[in-house]
Amino acid sequence: MTWWRFLAAAELRKILAFRADFWVTFIGQALVQLLIARALWQSIFAANETGVMNGFTLQTMTLYYLIVPIGQKILTGENVGFLSREIYDGTFSRYLIYPLSFFQYKATTYLTHSAFYGIQLVLIFSVYNLLTGTTGFTTLVPGILLFLVAAFAYMSIAMIVELLALWADNIWSLMVLVRFFCLFFGGGYVPLTFFPETVQRALVYTPFPYLVSLPVRTTMGLAQTHEIVRGSLVLLLWALLFHLGAQLIWTRGQYKYTGVGI
Amino acid sequence: MIAVKGLRKTFTTHVKEPGLAGSFKALFNRQTVTKDALKSIDLEIQQGEIIGLIGANGAGKTTLVKILAGIVHPTAGEATVLGFRPWERNNEYRRQMCLIMGQKAQVWWDLPALDSFLLLKEIYQIDDRLYRENIEFLAETLMVKDQLKTQVRKLSLGERMKVELMAALLHRPRVIFLDEPTIGLDLSAQKAVREFLKKYQQEFRPVTILTSHYMEDIKELCPRIVIMKEGSFVYDGSLTQVQRMLGDEKCLSITTRESTFKVTVPRQDLGARTAEIFSQNDVLDLNIQDPSIEDVIESIMKNGVSV
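Chains C and G are the protein sequences, given in the same order. Under this note's numbering, the first residue of the first sequence carries the number 6, and numbering increases by one thereafter. Under this note's numbering, the first residue of the second sequence carries the number 79, and numbering increases by one thereafter.
Note that these hints are calculated values from the structure, not bench results. Everything numeric in this text was worked out from a predicted model, so none of it was measured. Hints are not guaranteed to be accurate.
Straight-line Cα separation of at most 16 Å, EDC-like style, residue types lysine to aspartate or glutamate; simulated pairs [what the hints assert, rightly or not]:
1. C:K19 / G:D188
2. G:K277 / G:E166
3. C:K261 / G:E166
4. G:K83 / G:E95
5. G:K277 / G:E218
6. G:K297 / G:E336
Construct the complete structure from the given sequences, taking the supplied hints into account.
The following block contains the structure:
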C-alpha cells in the first residue's frame, strides 16, 4: 500500500477517534444549520406571500440548505488555519523531515476530510430523498465529484493565504476574510440567484460560483449537463492556477521558515 | 559524513517597546534587529561518532541542528551530510536521517503509536522484515511494548519520549539529530533514554549530534564535545581532554561567618592560596575538591577560552 493511502486511513482513524465529537460533526452541525435556515426562509416566503422566490420553492430552498453546510465542510476539508498554525508553532517542520512532498501530504489529509464529509452528504441526501421522494440519486455522483474538485481548488487558495504565515506570523484574520469571500460569493450563505444581475454576471469570471453554487445545484439536479461540464473545466483550471500560486509562494517562503518553537 | 564550512545564519526579528504605547507605535513603525545565530562555523564529524553540542540558551545549537536536518536554510556557507546539502531536502537524504526534538511530538497525538509506526513504515519505505525487527528491538530495549496500543496523548511524558524515539529510529537512520531528548523527564526516564541511546549507538554506529543542557547526557554519551557561545565554537575536542584540564586545578569551598564561596586555584598554588584565605577570613570550614566537568564547561562557556 502506498503512503498516501495509509495517511488517509490514519486521518480517518483520527476523525473517528472521539465519539461525541464525531456525532456532533456528523449530524448535529448540519441539522442545526438546516433548522435555522428552514425557519428563516419559511418566514421570508410567508412574508412575501409567494410560493417561488428567485427560482426556489420552500422545498428546494430547504434542500439547498441541507446540502450547503455539508458542502462547506467538503470544501474546507481540514480546519481553516491548519497550515499557518503549524508554521506558527513549528510543527510544520515534520513535513520538511519526511521524505515526501509536503503538498502531497497536506492534499492527502485535506481531501480525506473532504471525502469523509462527502460520505456524510450521501447519507443525509439519501435519508432526505427516502423521506420526501423529491429528487433522484443520479445527480449525487457528479455533485460530489464537483465538490471534491472544488475542495482541491479551495485548499490551494487556503494554502496561498496560509503560506503567507512564513512572512507574517499571524494571518488568521486574512484567512477568515478569504473564507467569507469564497462562501459569500459562492452562494454559501444566500443562493446566487438572489444577487443583483450585474454581480451574478461578474462572478462568472471568478472561481467563487464554482466552489459552492455549482456543486450544490448539480447535486440538487438544477444544473444543465453543459453547465456542469463547462463548470468542471473552469474549476479545474482555477484549481491548477491556485496550486501553481501556492507552489510559487512556498518556493520563495521556505527561505523564511525558521522553525520557531522547536 | 558531516562537513560544515563557514556556515552562517542570520535571523531578523521584530522588536517592540514595552507597554501599550509601544504596541500602538509598532502598528505603524516596526523595528527589527538582526542577530547572528551562527558566525561562520566549521565542523567535521565521522561515521559512528557521537558529539555533544553544549551552550547556553541562544548559543546557536538548535539553529545548527535545524540547518543540518534541512529545516532551515543557511545565510551563507556550505554543509554536506552523507554527501547531500540538507536544505535541498533530497528524499534520499531524508530517508537516512532523523531529528528528535524533546518538546515536539512527531507521532500522531490522537492515535496509538503503532498506527503512527505503520504510516512511517510506508513513508520511509521500510520493508516488512526490517520493520518487524526494529519494532521488536526498539520496544524491548525501551520497555514500551505494553504502551504501543494506547493513544499517544494518554501516555506519560517519559513513555511519549520513548515512543518518539521509536518513531524516529524505525527506519534505522545513519544520521541522528537529538535536540534535548531528556528535557522534562524524571531521573529514571532520563537514565532509561540514555541507556537506550548508548546501546543503539554501539549496535548501529550512526553519526549523532546531541544537544542537551543535562551534563549527565553529555558525560554518559559523548566522547567528543563542542561548546558554543554566541554563534561560534569555543571548544571542539574530547571530553577526556576537558577532564585532564581538571587535574591542574583544585576547587576550594570556603565557609566563613559571613558567607560561603568557591575559588578555583592552580594545583601548585594550593598551599599559598589556602594560607592567604585563612589569613584574610574567619574561616569556619574549608573543603578542597577537584572541579566538576560542569564547572570547567561553564567556565569555558563564560570566558570563551579556546582549548
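Each hint, compared with the structure:
1. C:K19 / G:D188: Distance of about 6 Å is within 16 Å: holds.
2. G:K277 / G:E166: Given pair K277 of chain G, E166 of chain G is violated - Cα atoms ~32 Å apart, limit 16 Å.
3. C:K261 / G:E166: At roughly 15 Å apart (the allowed maximum being 16 Å), E166 of chain G and K261 of chain C satisfy the hint.
4. G:K83 / G:E95: violated, 37 Å
5. G:K277 / G:E218: holds, 12 Å
6. G:K297 / G:E336: Violated - the C-alpha atoms of E336 of chain G and K297 of chain G are around 35 Å apart, more than 16 Å.
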